[in-house]
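**Q** The chain contents come next:
There are 2 protein chains.
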Amino acid sequence: MSSSDSPLPSEKQADRILEAINDDYGGVVVEMTNEPMDAHIFVSLLRASLSHWRQLGKKGVWIKMPIELVNLVEPAVKEGFYCHHAESRYLMLVHWLPSTPNTLPANASHRVGVSAFVMNEKNEVLVVQEKDGKLQGTGLWKFPTGVVDEGEDICDAAVREIKEETGIDSEFVEILAFRQSHKSFFEKSDLFFVCMLQPLSFDIRPQEAEIEAAQWMPFEEYTAQPFVQEHEFQRYIADVCLAKKDEGYSGFSPVPMVSDFSLPKSYLYLNQQDLDI
Amino acid sequence: MSSSDSPLPSEKQADRILEAINDDYGGVVVEMTNEPMDAHIFVSLLRASLSHWRQLGKKGVWIKMPIELVNLVEPAVKEGFYCHHAESRYLMLVHWLPSTPNTLPANASHRVGVSAFVMNEKNEVLVVQEKDGKLQGTGLWKFPTGVVDEGEDICDAAVREIKEETGIDSEFVEILAFRQSHKSFFEKSDLFFVCMLQPLSFDIRPQEAEIEAAQWMPFEEYTAQPFVQEHEFQRYIADVCLAKKDEGYSGFSPVPMVSDFSLPKSYLYLNQQDLDI
Chain A
1 MSSSDSPLPS
11 EKQADRILEA
21 INDDYGGVVV
31 EMTNEPMDAH
41 IFVSLLRASL
51 SHWRQLGKKG
61 VWIKMPIELV
71 NLVEPAVKEG
81 FYCHHAESRY
91 LMLVHWLPST
101 PNTLPANASH
111 RVGVSAFVMN
121 EKNEVLVVQE
131 KDGKLQGTGL
141 WKFPTGVVDE
151 GEDICDAAVR
161 EIKEETGIDS
171 EFVEILAFRQ
181 SHKSFFEKSD
191 LFFVCMLQPL
201 SFDIRPQEAE
211 IEAAQWMPFE
221 EYTAQPFVQE
231 HEFQRYIADV
241 CLAKKDEGYS
251 GFSPVPMVSD
261 FSLPKSYLYL
271 NQQDLDI
Chain B
1 MSSSDSPLPS
11 EKQADRILEA
21 INDDYGGVVV
31 EMTNEPMDAH
41 IFVSLLRASL
51 SHWRQLGKKG
61 VWIKMPIELV
71 NLVEPAVKEG
81 FYCHHAESRY
91 LMLVHWLPST
101 PNTLPANASH
111 RVGVSAFVMN
121 EKNEVLVVQE
131 KDGKLQGTGL
141 WKFPTGVVDE
151 GEDICDAAVR
161 EIKEETGIDS
171 EFVEILAFRQ
181 SHKSFFEKSD
191 LFFVCMLQPL
201 SFDIRPQEAE
211 IEAAQWMPFE
221 EYTAQPFVQE
231 HEFQRYIADV
241 CLAKKDEGYS
251 GFSPVPMVSD
261 FSLPKSYLYL
271 NQQDLDI
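These protein sequence lines are chains A and B, in that order. Quick note on the UniProt record's numbering: the first sequence kicks off at 1 and runs consecutively. Quick note on the UniProt record's numbering: the second sequence kicks off at 1 and runs consecutively.
No wet-lab data here; the hints were simulated from the structure. A couple of the hints might just be wrong.
In this list, chains with the same sequence are indistinguishable; a pair is considered to hold if it fits within one copy or across any two.
What the hints assert, rightly or not - Calculated cross-link-like contacts (lysine-lysine; reagent style DSSO-like; alpha-carbon spacing at most 30 Å):
(1) K58 <-> K245
(2) K64 <-> K78
(3) K163 <-> K59
(4) K122 <-> K245
(5) K58 <-> K78
(6) K163 <-> K131
(7) K183 <-> K122
The following block holds chain A by itself, in its conformation from the complex (with noise of 0.2 Å):
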């Protein structure tokens, strides 16, 4: 079973186990290096490693596999192991040892996404075409729109996504509204902010790759847009942000936490004008 290359027979492996951090869960997490390895040796590593940790009644067994150590997953998958989640770089395998119910944590399963309400002292509303996309061609002009990074604040990105595609710079304001929708990739689902910045700056430069054209518009003229008028989703935007403008509409506007169960850095969103703060 030994393989040629091996920089030890897997005979002399077997004692050893893999090296393998405890999580706050009962469980343990091993991060594998770059290192090439055989897998062989791997498995038996494994095996070894897993009757370990059955002794000492260990849980959910994880395996962060980079993307380069690709030969080890079939092995590991052989041994019990299922993919959790996978990014570009790595996989993420685990094993669940108890006969007790699996109780370990869900994959992610939203994207996030922001769409961006700007209006200057003239009543217009920042507004752009898109180069890509399904609306590419149609004439419509929209509010610029981004995904939100994973470990990115909904309002940072909403004024990063402006910066970008317009050249604006822009104050968060709050969010007007948001929906949740589904299937909207593969299978995972999508929430979607739409948001209200102050513009601080209003000179446009349009980002070349993206970004087709970009104006300020004015707001009647954006809402008298077909496409506007006749999807019902837009249709309550533009009534939310009519009411923002000229009614006091209250939105959702972000209060920064003070880090709880040393979490990093967390923003709560909730309606302030009505909370009294």
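Once you've looked at the hints, dock chain B against the given chain A.
**A** Only chain B this time, still in chain A's reference frame:
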């Protein structure tokens, strides 16, 4: 190169290509069946397919690889594919063919949770003690919480979690506030929606597997707990619940949207009280 148990010699396969369907973004999607396939035959088919798709100017090539075909992951990676995302039953591999920058959509980045504020006519709130987790054994009474599944509406998830954990039937009222936090689970971010629900039944039956105890507790007793007083997030939520109870605080309530862009049913959440619908 051909293996003895191949249905056909790989040479004969070279002029065949993998079955694929076009996506909306100039790419193709290959859904591999669970049928075992020899790795050499796969590589031969894949190379012929890639050459064909390049000639057609295709952009992203997606291969949905069932876990049963994990032997084909390493060969695909060697041909230039990487892991876009994975679930327990499959890996999604992708390869961007053009020389232009990769515009493939990002993987799901957020997990979504709910917490439920449920109050009866005696100003008592529905609270639970959990069997597992960080708060186990602390004696803390907390709102029922849970994870929103892929494809599940936030409003449905809140009703389901209350029913599962406490046996109480309820009707969704609105989202009072939400928190976005980061690195809650490996590199993924988290959105946690605090929801208000109206109870429709009052006889508590705690879930055996996860819930140690459940009860209706006077709201003042809930907020007086040190855990609530000492954590900024918990204090804010208690204040919001109080403002909702006494002062007409307005959160975001769901409006069902008829399908836009042939997406499945979705909900728009907004401040309906301020919108005067």
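**Q** Could you place K163 and K59 in one of the four classes (within, between, both, neither) given a Cα distance threshold of 30 Å?
**A** Cα proximity of K163 and K59: across copies only (27 Å, versus 46 Å in one copy).
**Q** I want to check one pair: K64 and K78. Are their C-alpha atoms no more than 30 Å apart within a copy, between two copies, both, or neither?
**A** Classified as both: same-chain Cα gap 16 Å, cross-chain 20 Å, threshold 30 Å.
**Q** How would you classify K58 and K245 at a CA-CA limit of 30 Å: within, between, both, or neither?
**A** neither (57 Å within a copy, 45 Å between copies)
**Q** Checking an output row: K183 and K122, CA cutoff 30 Å. Within, between, both or neither?
**A** neither (39 Å within a copy, 41 Å between copies)
**Q** Is it within, between, both, or neither for K163 and K131, if the alpha carbons may be no more than 30 Å apart?
**A** within (17 Å within a copy, 47 Å between copies)
**Q** Classify it for me, K58 with K78: is the Cα-Cα distance of at most 30 Å met within a copy, between copies, both or neither?
**A** within (20 Å within a copy, 35 Å between copies)
**Q** Have a look at K122 and K245 and pick one of within, between, both or neither, based on CA distance no larger than 30 Å.
**A** within (12 Å within a copy, 40 Å between copies)
Figure legend: structure checked against the earlier numbered hints; hints not met, in rising order: 1, 7.
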